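Participant: Go by the hints and put chains B and C onto chain A.
Each chain is listed here by its residues.
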Amino acid sequence: MQRIVRGVATKAQQQRQLSAAANAPKKVEVFIDGKKILVDPGMTILQACALVGVDIPRFCYHDRLSIAGNCRMCLVEVEKSVKPVASCAMPVMNGMKVKTNSDFVRKAREGVMEFMLNNHPLDCPICDQGGECDLQDQAVAFGSDRGRLQSRLDGKRAVEDKDIGPLVKTVMTRCIQCTRCVRFANEVAAFPDFGTTGRGQDLQIGTYVEKFFASEMSGNIIDICPVGALTSKQYAFVARPWETRKTESVDVLDATGSNIVLTHRTGELLRVIPKINDDINEEWIGDQSRFAVDGLKVQRLLTPMIRGADGQLKPASWEEALFTVAAKLRETSAEQKAAVVGGLNDVESLVALKDLFNRFNSENVMTEEEFPETSGGSDIRANYIFNDGIANVENADAILLVGTNPRFEAPTLNARIRKSFLYSDVQIGVIGSESELNYDYDYLGASAKAIDDVLSGKGEFAKTFANAKQPLIIVGAQALKGEAGAAILGKLQQLADKLSAGKNVQVLNVLQRWAGQTGALDVGYKAGTAALRKTPVKFLYLLGADEGKVNKSNLDPQAFIVYQGHHGDAGAQIADVIFPGAAYTEKDGTYVNTEGRSQRGYPAVSPPGEARVDWKIIRAVSEVAGKSLPYNDLKEIRQRLNEIAPHLARYRDIEPSPFIKQALQLAQTSGSIDVDVSPALRELADYYQTNVISRNSRSMAQAKKAALENKENPYAEAPIHARL
Amino acid sequence: MNASDVVQRQLKEDWDNREFEQVIADNIKSIANFLSSFELSCRSKLATLGDKINLLERKVEFLEAIAKTTAHAVRTVAPIKSNNSKEARIAVLEAYKEFQRLTPKFWWDFGLHDMPLGVFRAVIKKQFTKNAHLTDVRVVDRLVGETHQHMKSIRYAFYNPDHVRNYLFAENIEPKPKDFLSKFLNGKE
Amino acid sequence: MSLKAWLGIDKLQKFQQIVKEIGGVRAVLRKRYLMDVTRVGTLVGNDKYGNRYYENNEYFVPRNRWVEFPDKVWLDYDASQVPPEWHSWLHHITDSPPTVQEPLTQKFSLDHKENTSIYADKKYIPYSTTRTKVQAWTPGQKPNFD
Chain A
1 MQRIVRGVAT
11 KAQQQRQLSA
21 AANAPKKVEV
31 FIDGKKILVD
41 PGMTILQACA
51 LVGVDIPRFC
61 YHDRLSIAGN
71 CRMCLVEVEK
81 SVKPVASCAM
91 PVMNGMKVKT
101 NSDFVRKARE
111 GVMEFMLNNH
121 PLDCPICDQG
131 GECDLQDQAV
141 AFGSDRGRLQ
151 SRLDGKRAVE
161 DKDIGPLVKT
171 VMTRCIQCTR
181 CVRFANEVAA
191 FPDFGTTGRG
201 QDLQIGTYVE
211 KFFASEMSGN
221 IIDICPVGAL
231 TSKQYAFVAR
241 PWETRKTESV
251 DVLDATGSNI
261 VLTHRTGELL
271 RVIPKINDDI
281 NEEWIGDQSR
291 FAVDGLKVQR
301 LLTPMIRGAD
311 GQLKPASWEE
321 ALFTVAAKLR
331 ETSAEQKAAV
341 VGGLNDVESL
351 VALKDLFNRF
361 NSENVMTEEE
371 FPETSGGSDI
381 RANYIFNDGI
391 ANVENADAIL
401 LVGTNPRFEA
411 PTLNARIRKS
421 FLYSDVQIGV
431 IGSESELNYD
441 YDYLGASAKA
451 IDDVLSGKGE
461 FAKTFANAKQ
471 PLIIVGAQAL
481 KGEAGAAILG
491 KLQQLADKLS
501 AGKNVQVLNV
511 LQRWAGQTGA
521 LDVGYKAGTA
531 ALRKTPVKFL
541 YLLGADEGKV
551 NKSNLDPQAF
561 IVYQGHHGDA
571 GAQIADVIFP
581 GAAYTEKDGT
591 YVNTEGRSQR
601 GYPAVSPPGE
611 ARVDWKIIRA
621 VSEVAGKSLP
631 YNDLKEIRQR
641 LNEIAPHLAR
651 YRDIEPSPFI
661 KQALQLAQTS
671 GSIDVDVSPA
681 LRELADYYQT
691 NVISRNSRSM
701 AQAKKAALEN
711 KENPYAEAPI
721 HARL
Chain B
1 MNASDVVQRQ
11 LKEDWDNREF
21 EQVIADNIKS
31 IANFLSSFEL
41 SCRSKLATLG
51 DKINLLERKV
61 EFLEAIAKTT
71 AHAVRTVAPI
81 KSNNSKEARI
91 AVLEAYKEFQ
101 RLTPKFWWDF
111 GLHDMPLGVF
121 RAVIKKQFTK
131 NAHLTDVRVV
141 DRLVGETHQH
151 MKSIRYAFYN
161 PDHVRNYLFA
171 ENIEPKPKDF
181 LSKFLNGKE
Chain C
1 MSLKAWLGID
11 KLQKFQQIVK
21 EIGGVRAVLR
31 KRYLMDVTRV
41 GTLVGNDKYG
51 NRYYENNEYF
61 VPRNRWVEFP
71 DKVWLDYDAS
81 QVPPEWHSWL
91 HHITDSPPTV
101 QEPLTQKFSL
111 DHKENTSIYA
121 DKKYIPYSTT
131 RTKVQAWTPG
141 QKPNFD
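Residue numbers (the UniProt record's numbering), protein chains in the order written: chain A, 1 to 724; chain B, 1 to 189; chain C, 1 to 146.
In isolation and in its complexed conformation, chain A is listed as follows (with noise of 0.2 angstroms):
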């Protein structure tokens, strides 16, 4: 795979670069409509006029993708030129001299305009862009007030529609060309069979032959392009954008936290883009965070359900819920007594769940996902935390992948790892399965023995990981299970240890996959369930949990089940009692994602039904079993958050986690480690239904037997979105 030259595209590259010459760089003094400004020199005119306040407007720049210049809307006046510069690639010189406002520039500017509105449709009132339109915006600001086409006489072109999946809608007679999409496609999706096809007016973008757009990020093209040519099937036709509202939230369906925008109107979810975090996302999210939210209207469960004598589960009242369960609460004794959660929690009800639990002398509650209790477990953090910080990856030398696949497991870290792959030249090992990833790597393996390959010295990789300046282990949660897990993590402390030496990087990093993991780990939950099968349990609360993991077969053949969720799926088709919970767009939630960074979220939509927030739900049982836990509203049970961990509360920073040398003592390297480490993701078609909301999610679906098709045969003829 290509990389780019490397050269200082990247912020972090750039500061690196910069900081490791002995001084400063000398600024340059530029004048931008008289305005003096003092600036580092390798900056353009155009991010140059946005320091100093001036919005110059454009098409094809980007500020995250490599620069085009192919608009010419960027167009300004520089004193000693003829020809008006396109801003966004000239670099700025000593004493130049720019004017974004004269006669000059306007004319420019609207003659400009007017090329691109001569072949443009007119299909304002039915493109689903109107509102959010860059074009609609930047006519009425720059352009003239009127064209000279003569439509009847000369007409307007036309390109057909390009079919690229059952997720992303194309009206390619909108594309202005900018090139937006295949620079992203290129760059950062990694999928190269997006490109331009002729040149002049007959210049088309799509995959020449029709294909599938085959990858995990294809969702980001649509926020990317500034006119209707790309949009979201999902959302066409549904509202525009002054009519709905927006709600910042954090995503759960992977354990990035990436930052959203909720778009709501009436009550009803419209859609999910992101939001800006350069820590996090930067500006993307994966399909799944963007496209599963349809599986929110459908298979919900809408009222309590209470288990009949016929075993038939049957709609009941909440007050006959409660009473059911408390009651059962009571009877049974502690060591009979289990929760089980899942990964999409807020901790907020993790918390609840387990001081109930306390308060009825039970230390029961484990989360669905394994980890090992080695090397301090779950107690030290650093264990099952992104130590390093999800935008320390691009400042990395060196990048050991064990046991995951963070294409689709977390597109937007992967997306970093890419960056890093295009603009220096970072060395990446691989352990686990040779599947397709979006940069050149070293295959070490299948078997985590490989580790201690790399731990000894063995094979060139080896090497050139033991002299890197700045490197990181990534190694996938799922990959820590067991016995074997445990002698895994083990080995990869030593390692980390060794190689962390007088570097300020901590090394190793561990990728959750859940998004309540991290959260529940940090609030005091066990891990894994193998807990459940030493003694039998007569009650089980399960709060999400539909991985699974837990049978009938486990427990006690008199158990009780209840079920707290959002979804019907496997956890509710076991439950003797049934309490509808709300998903995550519809509840103040704190979710703390694998750097351990705390987000909260905000609620867009009430809970449907009968559902309630789920905190409240297990406030209310606790009061109806009789030991109330003693909060009422939101602000007391984030004051017991903050009791808990004070960095539950202080939002959006990470902090470092000590005791790692602790860890490396406790830690159990004895264990063999020759087993098979591939993760369990290893194509798109695996992508795009992990969690029970995306399983239930009409969008992911289709993209799957669309991903699976374009597996056969990328030159289908039959079209993509047939309907299943």
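Here are the simulated lysine-lysine pairs, DSSO-like style, with alpha carbons at most 30 angstroms apart: (1) B:176 to B:130; (2) C:31 to C:72; (3) A:275 to C:133; (4) B:176 to C:133; (5) A:297 to B:183; (6) B:188 to B:176; (7) B:178 to A:627.
Cβ-to-Cβ under 8 angstroms is the rule here; a few derived chain C residues that face chain A: (8) 137; (9) 141; (10) 143.
Worth flagging that the hints you see were computed from the coordinates, not collected in a lab.
Quantities reported herein were computed from a predicted structural model and do not represent experimental measurements.
The C-beta atom is built at its ideal place from N, Cα and C for all residues, glycine as well.
Facilitator: Chains B and C alone, transformed into the frame defined by chain A:
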């Protein structure tokens, strides 16, 4: 000539010295001027500060005196209608008597005669006594004014019988749940 | 005016004749109870529900045609029990009854039904036929993407 040179040199030196002394004297004078003006300005500033402090002290004494003499939170406020609480009390009692004279008409015309008149009179009395805790004369005056407005509206039949009933007895209004479990079961908190 | 008319005896004679035609005092009282009128006329026709239609042009125009409901409805007679073809004759919309001139019907016409909105068990209560915005889960249901 040596003598004249010497004399000239001495003269020159003398003049230089005089000049030098003059310069020094001028500098000293300017320093002295500066110091005296500085002293004056400092003095005036200190004087103003002193005045301010005196004023504040006097205000504090005044407020302390007031706080001591007024036991409850009765402020001496600018009167609007009644000058003191006695007059306010008289106004309230007049309004009450007038309202009770209006009560039979009120009771009959608004269809509240499913209860005996005596009970209705007690309800009206409660509307007055529920404000018995008020001490601010201006607030009392305003409420008396509102009472007169209510009486006028009743005479002109501006009110709807159902609204009157809801206001007086809150019959059709469900009390909002206050404790956690009722709010939870009710759904819309 | 003749003496009989002046004394009102011809009215009594007319009444006697009506009583004889209806068939006795008991029948008159019964008819009075059911119909609130005592009148006779020529039987124009019957319909399949048992309604009998009479006409008597001695009465002025709106009241010269009437329907007598069968005994089985007793006092629960209702104007909507009259079928459409007789309804047009009864309300003077057409001149000739269905026995004389066949009414125009379509082959898709339904049978006439009386207005059932007064019967709490048979009335039509409108209901929504659209999908709800959030669809509930019923136990055992798997996601269906059709």
